[in-house]
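Peer 1: Here's the letter readout for the chains.
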Amino acid sequence: RKEVEQDPGPFNVPEGATVAFNCTYSNSASQSFFWYRQDCRKEPKLLMSVYSSGNEDGRFTAQLNRASQYISLLIRDSKLSDSATYLCVVQYSGAGSYQLTFGKGTKLSVIP
Amino acid sequence: DVKVTQSSRYLVKRTGEKVFLECVQDMDHENMFWYRQDPGLGLRLIYFSYDVKMKEKGDIPEGYSVSREKKERFSLILESASTNQTSMYLCASSPVAYNEQFFGPGTRLTVL
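So the protein sequences, as listed, match chains A and B. FYI, the numbering used here numbers position 102 of the first sequence as 102, with every residue one higher than the one before it. FYI, the numbering used here numbers position 107 of the second sequence as 107, with every residue one higher than the one before it.
Pulled out of the complex, with its shape left as it was, chain B reads as follows:
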């Protein structure tokens, strides 16, 4: 079974803090994605990566950066957290030749 894990299920941070969200997949997938999910807005793509050290902006990259130093790990970074970044963050991965994305359990981030 494909497994995508995220470092925390729940996280509480203060405005201005630097926040790291970690995602690890164990199926050697090339593609990895970060989404946020908010009520009434659905899933929105923040960043994605096709390969190690490669990244592409999604629909809402402002306020975020990412890092992919190893194939299995994709990190989302909030350089200076703000209250409007309170959300559920979902990581996903997929192999190159198949479109299904496999999601992690999500991290519910609250920024106070």
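So that you can see chain A by itself, here it is in the shape it has in the complex:
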């Protein structure tokens, strides 16, 4: 069974804080990994892909540990505009190779 597990939160953090989200996946044949962001009452949008070597985009850092089947997202210097739900997403190989499996999301609220 394909599963992607996330802590649902909510995470309530003050502006300027650093916050980390974790995600685990069950299928070791997983190929690609992503973080999506979903604002309240909006559609999900790609935040960043996650590579084995780790990758950074401004205040956001994503890391992948294939051995532990674990993905993380670190947000530094949190802004009010970072408040959203963050979805961990995994692509599985095989038939339907572009099929994504979404975690249920982690809700972040950044407070003034």
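It is worth saying that the hints were derived from the structure and are not from the lab. A quick note: this is a predicted structure, and the numbers were derived from the prediction, not measured. One or more hints might be untrue.
[Said to hold, decoys possible] Computed list of lysine-lysine pairs in BS3-like fashion (alpha-carbon distance at most 27 Å, straight line):
| no. | chain 1 | residue 1 | chain 2 | residue 2 |
| --- | --- | --- | --- | --- |
| 1 | B | Lys53 | B | Lys71 |
| 2 | B | Lys71 | A | Lys42 |
| 3 | B | Lys57 | A | Lys45 |
| 4 | B | Lys3 | A | Lys45 |
| 5 | B | Lys55 | B | Lys13 |
| 6 | A | Lys45 | B | Lys18 |
| 7 | B | Lys55 | A | Lys104 |
| 8 | A | Lys79 | B | Lys55 |
| 9 | B | Lys71 | A | Lys45 |
| 10 | A | Lys104 | B | Lys57 |
| 11 | B | Lys55 | A | Lys45 |
| 12 | A | Lys45 | B | Lys70 |
| 13 | B | Lys13 | A | Lys42 |
| 14 | A | Lys104 | B | Lys53 |
[To be verified] Looking from chain B toward chain A, a few residues come up when the C-beta cut is under 7 Å (computed):
| no. | residue |
| --- | --- |
| 15 | Val24 |
| 16 | Gly42 |
| 17 | Asn99 |
Beta carbons: idealized from backbone N, C-alpha and C, even for Gly.
For chain A, the structure is supplied; the task is to place chain B on it using the hints.
Peer 2: For chain B alone, coordinates are given in the frame of chain A:
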């Protein structure tokens, strides 16, 4: 910019009615997807399509069918709507060679 549009933002139907949800994308993407999103359950894949007239079942296809007669259009059909199909329905598309999925704004369907 990629644009994915859905025919309605809000829809109210009665039990037993046949419901059509339409999705159109303007970027010539090969892949199209239908999801539903429910609180506590996250995004779940209903059906997807790799090409015109082609369809594959996702994780929860029961009670739904789809149609893809043209590349840019992917329709979700509820043959006989039931109250447990009340949900937010999200359409997405992606090109073959790139994994990012682009979502439409969603249709909030209420079945009374």
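Peer 1: Each of the hints needs a verdict: does it hold here or not?
Peer 2: These are the hints, each one checked on the structure:
no.	hint	verdict
1	Lys53/B - Lys71/B	holds, 9 Å
2	Lys71/B - Lys42/A	holds, 25 Å
3	Lys57/B - Lys45/A	holds, 23 Å
4	Lys3/B - Lys45/A	holds, 12 Å
5	Lys55/B - Lys13/B	holds, 25 Å
6	Lys45/A - Lys18/B	violated, 30 Å
7	Lys55/B - Lys104/A	holds, 25 Å
8	Lys79/A - Lys55/B	violated, 42 Å
9	Lys71/B - Lys45/A	holds, 22 Å
10	Lys104/A - Lys57/B	holds, 20 Å
11	Lys55/B - Lys45/A	holds, 24 Å
12	Lys45/A - Lys70/B	holds, 25 Å
13	Lys13/B - Lys42/A	holds, 22 Å
14	Lys104/A - Lys53/B	violated, 31 Å
15	Val24	violated, 15 Å
16	Gly42	holds, 4 Å
17	Asn99	holds, 5 Å
In summary, the structure is inconsistent with hints 6, 8, 14, 15 from the numbered list given earlier, while agreeing with the others.
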